[in-house]
Amino acid sequence: MTATENPESASPETNPGVPFTLNGVEFHANDGELLIDAAKRHGVHIPHFCYHPRMTPVGMCRMCLVEVDTGRGAGLQPSCMLPVTPNMKVNTESEPTTKAQDGVLELLLINHPLDCPVCDKGGECPLQDNAYAFGPGESRFVEEKRHYEKPIPISDLVYLDRERCILCDRCTRFASEVAGDPLIHFIGRGAQTEVNTFPEHEFSSYFSGNTVQICPVGALTAKPYRFAARPWDLSETESTSMVDSTGARVALHSSQDRLVRIQGVDSDATNWGWLSDKERFIYEATDSPERLTEPLVRDGSGDAVPTRWNNAVKQVVEALARPSDPRRIGVIGGARLTLESQYAWAKLLKGLGAVDNIDAQLGDGLPAELVLGLPKATIDSACQPGGVVVLLGPDLKEELPTLYLRLRHAIQFDGVSLVEISPRVTSFGDTVAARLNPLPGATGQIAKALADGMVGTSIGRSSAEELSAAHKLLISDRPVTVILGRGNLAESTDIIASAVASLRRANPNAKFLTALRRGNVHGALEMGLTPGYLPGAQPLSAAVDGWDMAPRSRGLDTAGILKSAVNGTLDTLVLLGADPLTDFPDSKLAAAAFERVGTVISVDTFMTASTGRADVVLPAAMFGEVDGTFLNLEGRISPVQAKVTSPGQTRADWMIAAEVAAAAGGDLGFTTLAELRSDIAANVPGFSDVHWDRTGHGADGPVITGIRSWEPTLTETAPIPPADDYGLRLVVDRKLWDNGTMTLAAASLKGQVGDAVMSVSPADLARLRIPSGNEASVAVGGGDARTVVVMSDPRVPVGAAHVPFHLNGVDASDFLVTGQPVIDIRIQAL
Amino acid sequence: MGYFEGFGVTLKQWGVGTTTKEYRGGRTNRQGEINPKDQKAPKPERVHGRHVLNRYEDGMEKCIGCELCAGVCPANCIYVRGKDNPVEDPKSPGERYGYVYEINYLRCIHCDLCVEACPTQAITETKLFEFSFTNRQDAIYTKDELLVGDDGKPQNLPWEDWRPGEDEHTSGWMRATSSSGKASFLGTTNWNGELGYGVRPSELPQDEKDASVTLAAAEHDHSDHDHSDHDHSDHGGH
Ligand code: SF4
Ligand code: SF4
Ligand code: SF4
Ligand code: FES
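Protein chains in written order, with my numbering: chain A, 1 to 830; chain B, 831 to 1068.
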């Protein structure tokens, strides 16, 4: 039984359903319910291999055969393919049923290697379990078994042992039906049938780890977990992934106080059991030798040397007390923290320190007004059958992969129509109902045209047909959800705000999902780690109990803080798990800021470029080591749980905040997590009845934010005219695998980071007379030219040039300039 | 009154002499012979002593690091970690080998369940229990200490008292059940050859064995023993 299987609940009160007899007892099934599900709901387990509740049944394995009589006499039928029909008589224990089960298992085991002692699945293997429970106990097969080369790598993360495969089609079905990466398939015939990749194409899917989890045998195993532990020495805790803001439910598995595996938990509201490989394998980072384990301070010679906590904390207090004015303190980061730690730091800095230069987003997010103030949708409401989704943002597969899977399913199976307003063609490909790829600067214009119904003529590359299709969907009476994100780091957020204003005008009932990629960034904004707000999206003028020193005037965002440092008006910079030197889009600005700023304090888990420049480093415990709470992009609250002991002298972030407060002679008002939670419940609107410790099946916490007493003020701005005939508009976006701190710290993941190239539409490349794959010279404005490889890519609109951020190869931040609404570059043949 | 009664026990023992004897560890006399006073008492064939990790006849380790022994151990004293076999220099046949193997003899209760669980007869128990340590480190036997030497014989660690011939019957031969999981070895050898001892003949059925020990006892045994649980088939245990 895999962790993704989850019984659905029925409502027999409202609709009595379909009567049927199961082992002599009368039950009712839901309309159209499969026999295997109905039986499970009534407590009868039918053994199975290929059936998976989140995928289309295929009837491959025949393990689920049961004796069914529909009035024409009893016969064996696969219960995973059979919807319950009225008065069907089912016997799961009859002689023919058990004989069929014996036969299926004997047949499966004929060529099965019985590697159980060295098989990673041994101990949690459905084939073992079913063989014991339903098998014949003896085999009549004494001949030599079929042999294949033992595990072959089908990707950097997954091994395939073809001898163990029982050809259930789960992995291949997942790859094509769920992930949309049909890179593995059955090949061969009869006894020689095997799962394999296509020649020269490895199974390089962002979701490959799911096949390991759903494989009912040990045929697919994960390289990072290979031989790391056996099921009986694992201990397990349910938690919430903090890799991105979807908040996928996960099970953390540890052995000997080390995290060794993460598995997806089937949560109806969020991830349906699926995980991206980043969410699945990121646990390796907790063990990284790069972890910070003791406090560091810079000594007289400029080296960071280990010190005692109280000395480090004393220096932090001094650095925070030294500036004459709280406006000379800047704080960047906080999305890594749990909700409780975010509140503790916000209370320390805002409530007691009057600092408002606090920003949890590093210039790559959305204005807090939009995130906090727009009416929220949920993932379920966005994916409801017959809905319309407007994607005003990035390629979700790159930024929020589990949300991508949910949306992909909704489009493929539930008739959801997707209107794509993205700077380039996303991974939804041809499944979209209308595709608009405005050039940077014209996003607002397209949205305005949709709102005004000015869709008779094409705008840029968006044709009149696409525009009018999008317009019709937007104003239809189907439920409309806008998924809002930052699809282009080189386009200012004012343009996005303008587009949002138009879309709201077009359809005032539209609901919003803010697709920000950083883990708990929604929690950070909610807890006040953003300029201009107190926790619960309250204005600075609000009176919050215990926040006596709260600032009264709005502070600076990350770009403002960095500029202030460059201007010499910033004395102390606090980094809450942030690395602006590599993570802020305009790395030149960040580097200049670090040159001029006074003291840098870093509260972090890893030695990053920015932490390496800090004067005081406080080591923090990370995901998997701390208890807390997560707020996902819907505003859904779910628990984060500790599984292993944090290394060295690391501490939970909220404890560090409390420590600093105490050393400064202040009082945060809490010394335990429970007291901290009561403080949040008492002072943050919406959090008064949160059940902090929910786990298990009730763990899909409620959506607790979303209704505000205020509305974001949005203005529609004029489009920015296209660049001159020679310039191209820059599109910079994120990939799943980038040189982020966590990815690099996870041994198996760092090899996934690819090389960035600049991609341009084939038409532009032809016009520039540059063969695809050649080097060219690229310059921004009158700046220095850089030599980069330019590729032709039909997904990029004519007039644009695309570079992913923070990969190896071309450094996109070379071209990004803070404060520009859009960026035009020039490409010339060398 | 009762105050003095307690001393009665002490007084009764006065001058009786001790029954606990110092273990003298096989001191030898000038001729190099073991002092007859220091002879070990004969042990039953199946006595459970400290473990060994066996090798195949070609020198490969039998242990595949499967952790079944660690999983079954009721005293939680075994710690095993598996790893991919190095391709160039495999330690054991197959994909996986045990790269950490430790038994803590401060905890081990010598129940032999690990021996029963082992799918490869890698771990077996010797008859040796005459070992004592003065520190915890010595008490935790590592893989290097448990593995048989290049001759296939158990290693004699400094704090152990091995006598000639005591290394016999340290191998897979000492399991109580056959490796198919059946409670009898009747008719089948069922243990693979090993370095140092090669292949051993199959064990006698219990009744014949009993008969070979004392006829009388065997006769008695027979009368109230039902051998119907003896199953000769070893096919298809999965
Ligand atoms: S897949 Fe299951 S039955 Fe097959 S070797 Fe692995 S544990 Fe054993
Ligand atoms: S590899 Fe696993 S999931 Fe894929 S077909 Fe074989 S048994 Fe099924
Ligand atoms: S001794 Fe046997 S049971 Fe223990 S890990 Fe090695 S092979 Fe497995
Ligand atoms: S589960 Fe029904 S045929 Fe496989």
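Keep in mind the hints are simulated off the structure, nothing from the lab.
Treat each hint with caution, since some may be false.
Taking lysine-lysine and the DSS-like style, the derived pairs with C-alpha atoms no more than 27 angstroms apart in a straight line are [as the list claims (entries may be wrong)]:
1. B:K913 x A:K750
2. B:K957 x A:K223
3. A:K150 x A:K563
With beta-carbon atoms standing in for the labels, derived distance ranges [as the list claims (entries may be wrong)]:
4. A:P289 x B:T1007: 53 to 61 angstroms
5. B:V877 x A:D102: 40 to 48 angstroms
6. A:G754 x B:V930: 53 to 61 angstroms
7. B:C941 x A:F141: 53 to 61 angstroms
8. A:T645 x B:P994: 46 to 54 angstroms
9. A:F141 x B:T1007: 50 to 58 angstroms
C-beta atoms are modelled at their ideal positions from N, C-alpha and C, and glycine is treated no differently.
Practice problem: Starting from the range 53 to 61 angstroms, see whether the pair C941 (chain B) and F141 (chain A) falls in it by beta-carbon distance. | Solution: violated, 35 angstroms
Quiz item: Under the criterion that the straight-line Cα-Cα distance not exceed 27 angstroms, is the pair K957 (chain B), K223 (chain A) satisfied?
Solution: violated, 41 angstroms
Quiz item: Regarding T645 (chain A) and P994 (chain B), is the given constraint of 46 to 54 angstroms on their beta-carbon distance met?
Solution: For P994 (chain B) against T645 (chain A), whose Cβ atoms are near 49 angstroms apart, the range 46 to 54 angstroms holds.
Practice problem: May I ask you to test the hint 40 to 48 angstroms on the CB atoms belonging to V877 (chain B) and D102 (chain A)? | Solution: For D102 (chain A) against V877 (chain B), whose Cβ atoms are near 43 angstroms apart, the range 40 to 48 angstroms holds.
Practice problem: Hint says 53 to 61 angstroms; check whether the CB-CB distance for G754 (chain A) and V930 (chain B) agrees. | Solution: violated, 36 angstroms
Quiz item: Has the given pair, K150 (chain A) with K563 (chain A), been kept, meaning a C-alpha gap of at most 27 angstroms?
Solution: violated, 58 angstroms
Quiz item: Under the criterion that the straight-line Cα-Cα distance not exceed 27 angstroms, is the pair K913 (chain B), K750 (chain A) satisfied?
Solution: Holds. K913 (chain B) to K750 (chain A) sits at ~22 angstroms (cutoff 27 angstroms).
Exercise. Go ahead and decide if the range 50 to 58 angstroms is satisfied by the Cβ distance of F141 (chain A) to T1007 (chain B).
Key: Violated - the Cβ-Cβ distance for F141 (chain A) and T1007 (chain B), about 24 angstroms, lies outside 50 to 58 angstroms.
Quiz prompt | 53 to 61 angstroms as the expected CB spacing between T1007 (chain B) and P289 (chain A), which holds or is violated | solution = Given range 53 to 61 angstroms: violated, Cβ gap about 45 angstroms.
The structure shown violates the earlier hints numbered 2, 3, 4, 6, 7 and 9.
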